[in-house]
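2 protein chains.
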Amino acid sequence: MSGWTTLAEAQTMDAADPLRAYRDRFTLPEGLIYLDGNSLGALPRATPARVAAAVEAQWGHDLIASWNKHGWIEAPVRLGARIAPLIGAGADEVIVADSTSANLFKLIVAACQAQPDRTTILTEPGNFPTDLYIAQGIADLLPGRQVRTVPVGEIAAAIDGDTAVVMLTHVHYKTGAMLDMASLTMAAHAKGALILWDLSHSVGAVPVDLVGCDADMAVGCGYKYLNGGPGAPAFLYVAGRLHGRLRSPMTGWMGHRAPFDFGDDYAPGEGMAPFLCGTPPILGMAALDAGLDTFDGVSMAEVTAKSRSLSALLIAGIEQRCAGAGFTLVTPRDPATRGSHVSVAHPHAWEVCQALIARGVVGDFRAPEVLRLGLTPLYTSHEDVWRAVEMIAEVMETEAWRDPAYAERAAVT
Amino acid sequence: MSGWTTLAEAQTMDAADPLRAYRDRFTLPEGLIYLDGNSLGALPRATPARVAAAVEAQWGHDLIASWNKHGWIEAPVRLGARIAPLIGAGADEVIVADSTSANLFKLIVAACQAQPDRTTILTEPGNFPTDLYIAQGIADLLPGRQVRTVPVGEIAAAIDGDTAVVMLTHVHYKTGAMLDMASLTMAAHAKGALILWDLSHSVGAVPVDLVGCDADMAVGCGYKYLNGGPGAPAFLYVAGRLHGRLRSPMTGWMGHRAPFDFGDDYAPGEGMAPFLCGTPPILGMAALDAGLDTFDGVSMAEVTAKSRSLSALLIAGIEQRCAGAGFTLVTPRDPATRGSHVSVAHPHAWEVCQALIARGVVGDFRAPEVLRLGLTPLYTSHEDVWRAVEMIAEVMETEAWRDPAYAERAAVT
Numbered sequence: 001m002s003g004w005t006t007l008a009e010a011q012t013m014d015a016a017d018p019l020r021a022y023r024d025r026f027t028l029p030e031g032l033i034y035l036d037g038n039s040l041g042a043l044p045r046a047t048p049a050r051v052a053a054a055v056e057a058q059w060g061h062d063l064i065a066s067w068n069k070h071g072w073i074e075a076p077v078r079l080g081a082r083i084a085p086l087i088g089a090g091a092d093e094v095i096v097a098d099s100t101s102a103n104l105f106k107l108i109v110a111a112c113q114a115q116p117d118r119t120t121i122l123t124e125p126g127n128f129p130t131d132l133y134i135a136q137g138i139a140d141l142l143p144g145r146q147v148r149t150v151p152v153g154e155i156a157a158a159i160d161g162d163t164a165v166v167m168l169t170h171v172h173y174k175t176g177a178m179l180d181m182a183s184l185t186m187a188a189h190a191k192g193a194l195i196l197w198d199l200s201h202s203v204g205a206v207p208v209d210l211v212g213c214d215a216d217m218a219v220g221c222g223y224k225y226l227n228g229g230p231g232a233p234a235f236l237y238v239a240g241r242l243h244g245r246l247r248s249p250m251t252g253w254m255g256h257r258a259p260f261d262f263g264d265d266y267a268p269g270e271g272m273a274p275f276l277c278g279t280p281p282i283l284g285m286a287a288l289d290a291g292l293d294t295f296d297g298v299s300m301a302e303v304t305a306k307s308r309s310l311s312a313l314l315i316a317g318i319e320q321r322c323a324g325a326g327f328t329l330v331t332p333r334d335p336a337t338r339g340s341h342v343s344v345a346h347p348h349a350w351e352v353c354q355a356l357i358a359r360g361v362v363g364d365f366r367a368p369e370v371l372r373l374g375l376t377p378l379y380t381s382h383e384d385v386w387r388a389v390e391m392i393a394e395v396m397e398t399e400a401w402r403d404p405a406y407a408e409r410a411a412v413t
Numbered sequence: 414m415s416g417w418t419t420l421a422e423a424q425t426m427d428a429a430d431p432l433r434a435y436r437d438r439f440t441l442p443e444g445l446i447y448l449d450g451n452s453l454g455a456l457p458r459a460t461p462a463r464v465a466a467a468v469e470a471q472w473g474h475d476l477i478a479s480w481n482k483h484g485w486i487e488a489p490v491r492l493g494a495r496i497a498p499l500i501g502a503g504a505d506e507v508i509v510a511d512s513t514s515a516n517l518f519k520l521i522v523a524a525c526q527a528q529p530d531r532t533t534i535l536t537e538p539g540n541f542p543t544d545l546y547i548a549q550g551i552a553d554l555l556p557g558r559q560v561r562t563v564p565v566g567e568i569a570a571a572i573d574g575d576t577a578v579v580m581l582t583h584v585h586y587k588t589g590a591m592l593d594m595a596s597l598t599m600a601a602h603a604k605g606a607l608i609l610w611d612l613s614h615s616v617g618a619v620p621v622d623l624v625g626c627d628a629d630m631a632v633g634c635g636y637k638y639l640n641g642g643p644g645a646p647a648f649l650y651v652a653g654r655l656h657g658r659l660r661s662p663m664t665g666w667m668g669h670r671a672p673f674d675f676g677d678d679y680a681p682g683e684g685m686a687p688f689l690c691g692t693p694p695i696l697g698m699a700a701l702d703a704g705l706d707t708f709d710g711v712s713m714a715e716v717t718a719k720s721r722s723l724s725a726l727l728i729a730g731i732e733q734r735c736a737g738a739g740f741t742l743v744t745p746r747d748p749a750t751r752g753s754h755v756s757v758a759h760p761h762a763w764e765v766c767q768a769l770i771a772r773g774v775v776g777d778f779r780a781p782e783v784l785r786l787g788l789t790p791l792y793t794s795h796e797d798v799w800r801a802v803e804m805i806a807e808v809m810e811t812e813a814w815r816d817p818a819y820a821e822r823a824a825v826t
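Protein chains in written order, with the working numbering: chain A, 1 to 413; chain B, 414 to 826.
Do not take every clue at face value.
To be verified - With a cut-off of at most 30 Å between alpha-carbon atoms, the simulated DSS-like pairs for lysine-lysine come out as follows: (1) B/Lys587 with B/Lys604; (2) A/Lys174 with A/Lys191; (3) B/Lys587 with A/Lys69; (4) B/Lys604 with A/Lys174.
These aren't lab readings, by the way, just hints derived from the structure by calculation. Being a predicted model, the structure only gives us computed values, none of them experimental.
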């Protein structure tokens, strides 16, 4: 284990971390090392009171008047504008609505319908399942459409005049690989195709510059690095130049120009409004709002730097401290091409993951053999990473993971 | 005002009300007469603690483990099974997911796709806007489909071999008229069409017997009489005989047979599962769960009887106590054909509504001239209705509504 960092060195890194104070914005269970904020972000300290206010002072006391009095009706637009600076979008290019899956549905259909002479939804095999499934459902729904998957390294070359939309996840949920948004967007545009980015594993943890990359569309998740709570509402982005050109197929009343006129005929609202559908989920919006507060005053450049520092330390720990334990690094070694989680393959990843959880180090497992460890710049410390590595080393050295109890299967994340 | 009830008589009716104790299950602001539970149900007394537990003990402390440990992943199915008895459905025929608008989208598309040789979505003009808008969006999306609207009295005769799906709202949001589900369903089936019922203004307030009526599909809202909170998740129903035959176009990962296998190819789950799409909104689910608790031990026959008793009293009050004030009853007089709200037309309905709200009687306005007063059997009392009528009479007799301040427009409900 020569060369592996000491606890004191990790603590020194934390002392120099400009984001260290932000950990206090979260409630983290005593003694737990939580490396799963890429699946479900931790609870912000301010969230319980915020949600309670929405429930008691707003819903309970002001009842229906809260739609105006407490800005409920504006929540999708207001929260979208708060997310926009985290992803390099204009404030009027992002709204919060529905789930990531539903937003993928709206945007892929919109992209296909806007280009009736292009038949293909192009993506990579092994993309996050809901992205693939939604695309497949659309191909079944719309006559003549198809989903084509090619390995991500061949995507740029595969885009052609038949490509309606390229759909990619910016940071891969399993491998942690981060794609080059600028060059892939340029490749799509060179062939006249639209591109849709899934930012679920990016937003709040890695740099994203949608406008700078000239991206067309994006979706993302509210409950990972945005700390919006389980099943938080998701967001979607459409470049301003495409507003009015892309049409959501889900023409619910919240996307209408004047929903409270209660007219019989649909007429889409301005800007992003037509990508709203039903009544917004206010309790989820309140929690997401509090989650976004955890980014108040935070420099995204510092978030990026911290993410890279944490993941570099974790990779070093796995490769140095746990050398010989049978792990293979899945996540790219170049920090510019990885997101904020580190994945390692191991033939017994499931049991190892369970053994770690039993010892208070919470990562997660992705079939068939990936142990995934998420690093949330706002609350994960270098000391957390150091202690997690030590625990992994212990579990591997003692072969504690061989306890048959850990083989039991009940994965949900 | 001869013949109009006295306060003592209203109180006597309350004393004999078998549901009177259930009012204590709700937090109602002191001094407010809330007649808008048909738009946003009142806050159940148990909800704040239930939501706080989901936020703090579950999300905050148990984090990602809560998906299994606290049954988050089962919430859509579990809550669906709780709603089922309120609408005469089998426990495995209802799930909670997304918004009413999104659920309408899934089911109308499914119905159209299942019957490719039938082109028409048949509904009534003046149906709730989102129902009409969603249908119009689908007609734009799917080649050869169209929306046809005919007055509701002519619907049965208009169903023909070209009708893919008849979509109707069981209790009309504006008029309060309740349709004959059994006969209209039979009329649809006689012509080989499917029928979809929107139960948003029915569920929890009036008798609904989906299985008894042989209904095919239904959707409904969680935030009205179910007291699930603002923007609560909605529900959808598909008759068991149609499971596997109707396919949701929104093939998100939660509808997959094995979502946590993370496979590349969509394969629908069993039963209602394919009508799930994205990750369920857990905070909204927790609040809806507490809302459903307000029905524990409640007889739906008593709910129906109370609803009719309250609305009969309100109609009598408007017609007797407020005679000459210019109101026209919009809601049907026959209790078997009305829901649980009473609507009256008045040329100055907006100002009257605002004047009443200023005096603590909260109803709502529906353009262009309807004052809508909702009666929630679990918490509205006959005394509430009596006091509301007296306030309406005062506002009309003194012409208090003529205050120009009440003409200002800011309606959102």
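Here's how the hints hold up against the structure:
no. : hint                   : in the structure
1   : B/Lys587 with B/Lys604 : 29 Å, holds
2   : A/Lys174 with A/Lys191 : 29 Å, holds
3   : B/Lys587 with A/Lys69  : 24 Å, holds
4   : B/Lys604 with A/Lys174 : 50 Å, violated
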